[in-house]
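Student: First to last, the sequence lines map onto chains A and B.
Using our numbering, you'd call the opening residue of the first sequence number 1 and step up by one each time.
Using our numbering, you'd call the opening residue of the second sequence number 1001 and step up by one each time.
Rather than coming from a laboratory, the hints here were simulated on the basis of the structure.
Backbone N, C-alpha and C fix where the C-beta goes; we use that ideal spot for every residue, glycine too.
Warning: the hint list may mix true and false statements.
[As the list claims (entries may be wrong)] With the C-beta cut set under 8 angstroms, the calculated list includes, among others, these residues of chain B facing chain A:
id, residue
1, 1010
2, 1011
3, 1193
4, 1197
5, 1198
6, 1203
7, 1205
8, 1207
9, 1215
10, 1216
11, 1220
12, 1223
13, 1224
14, 1227
15, 1296
16, 1297
[Said to hold, decoys possible] Sample of chain A residues lacking proximity to chain B, with all beta carbon distances greater than 10 angstroms (derived):
id, residue
17, 29
18, 63
19, 113
20, 154
Chain by chain, the residues:
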Amino acid sequence: MSNVVLEMDSVVKRFGENEVLRGVSLELRRHEVVCLIGASGSGKSTLLRCVNLLERIDGGDIKLFGRSLTDPRIDPNLVRRHVGIVFQAYDLFPHMTVLDNVALGPMRAHKRNRDEVHEEALVLLERIGLKERANDYPERLSGGQQQRVAIVRSLAMRPSLLLLDEVTSALDPSLVGEVLDLLTDLAHQGTTMLIATHEMNFARDVAHEVAYLDKGVLVEKGTPEKMFGSPDHEATKNFSVEFAKPHPLPGED
Amino acid sequence: MPIDPGVDIPSFDPSDGVPNLFASRRSRLLVGRRGVLVSTLSTIVILGLIVALLFVPSGGAVFRYTFFNLHDLWVAWVGDPHLGIDAVRDGLVTNIWMFLVSEALVLILGVLVAWCRISQSPVLFPFRMLVTVYSDVARGTPVLLVILIVGYGLPQLGFGFISDQSPAVYGVFTLVFCYTAYVSEVIRAGIFSIPNGQHQAARSLGLSHASMMRHVILPQAVRNVIPPLLNDFISLQKDTALVSAIGVVEVTRAAQIFSSTEFNESGLTLAALFFLVLTIPMTRLTDRLIARDRARRLTIVT
């Protein structure tokens, strides 16, 4: 099999009358990072949610490792164990400690041994500098720390593909940096990621490919150099060049 | 919409002098150490008035004799076999085991019923219908009536095991039947109170529906509804008194026997005290558990 992890072919998604995705096609190879950019409501989040089967598509096809996700034999839970997703609002489990949050998936979905899972979780938490907060409850952490824990919670499942849905949009500007730094590290280590983001500088630095979505249509995709330098379409230019201004506040970390 | 520049927006005019930012004299009196002193004084005065009401008026002695007769309180407590008076302290054990067993069963069944009602599984469809009807019936019929129907009705059927139980067991059965409906509604509300993000986060880890409910949704749902849940449990504890209607000699029944034999109501007072002693510490304990859970999870901002 080739290196293609994810293949989207003319994906259509409707919410009632409202067509949110109008034939989006996109491909993602192993170790590749693709950033989705576009205004709010352009369909970036919906696209990610379709890959994770949190939404069912109404047309076209999505293939994961060459297998169509529209196949009735597909078990969504098995798909989700391979495709991690991190949300804008972190959505950590407030009644569990940080460690238990990270360990829940491997223990309950993979049914792995508790001690082994905890050991691994602590290693992951150490990597993001939050090992000493392992026994704290999430609401005691800052937004940036919570979001990094949420990312690690997904990583603990050892996903083949990580989806990130505007993970810095809910954060205080001073906390954005620490989360983007973690994502940059992951990209350098070869994590395959599909990232919906408003952080244009981040997209330019990290993405192998940038795709611009507008009202459910994938207008243009290409290398960051092209997309932020001289895109083919006027609409892309208006969007990417307008917003790709220097980051107002560098991350404090 | 931009504000019409012609509209005058009211604001404090600094030329009027410094605005008053001080609290009134009266509210200043009620904060800090002075506040403690004031509250202590007012408590002493009010309690003193209540005690005085018991002792000073002309009816005070009769009142004390009727409801707080120390000798009769004692006799009601220990019972008197010669006069055929059952001891309230023996009845107490009956009430306690009845509500402990009932509460455990109600909690388990309540979760199951709530789960069934919100589940979307097609297999459970007939159960969902039955459970909805059950919940309407159980909440719509008086507990006392159900106790009578079950306690007198089932033994008449002559159905072996079902008809051979003791009245106390019928009582527990009825309490579980009636209260499961209330508790399941409370738990259902608790489940609905959990934000959708929690469901999504759990599902996107690849957890099964059952795992998600057990590890993510229910623990949070139950925490959110502890106060109303406790309400139902207190209500259930008190309703163990209704089981006396089918001849179970529990606290209320024993007290009633005493009162009708001795023509003194101190036995009933004793029974009332028993229920108070039981429920008040439970509410305090739950308040503390909730406070501790909050403190552990949140950085409290005042």
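Student: Hint by hint, work out which the structure violates, then give me just those numbers in ascending order.
Tutor: The structure breaks hints 1, 2, 3, 13, 14, 20; every other hint is satisfied.
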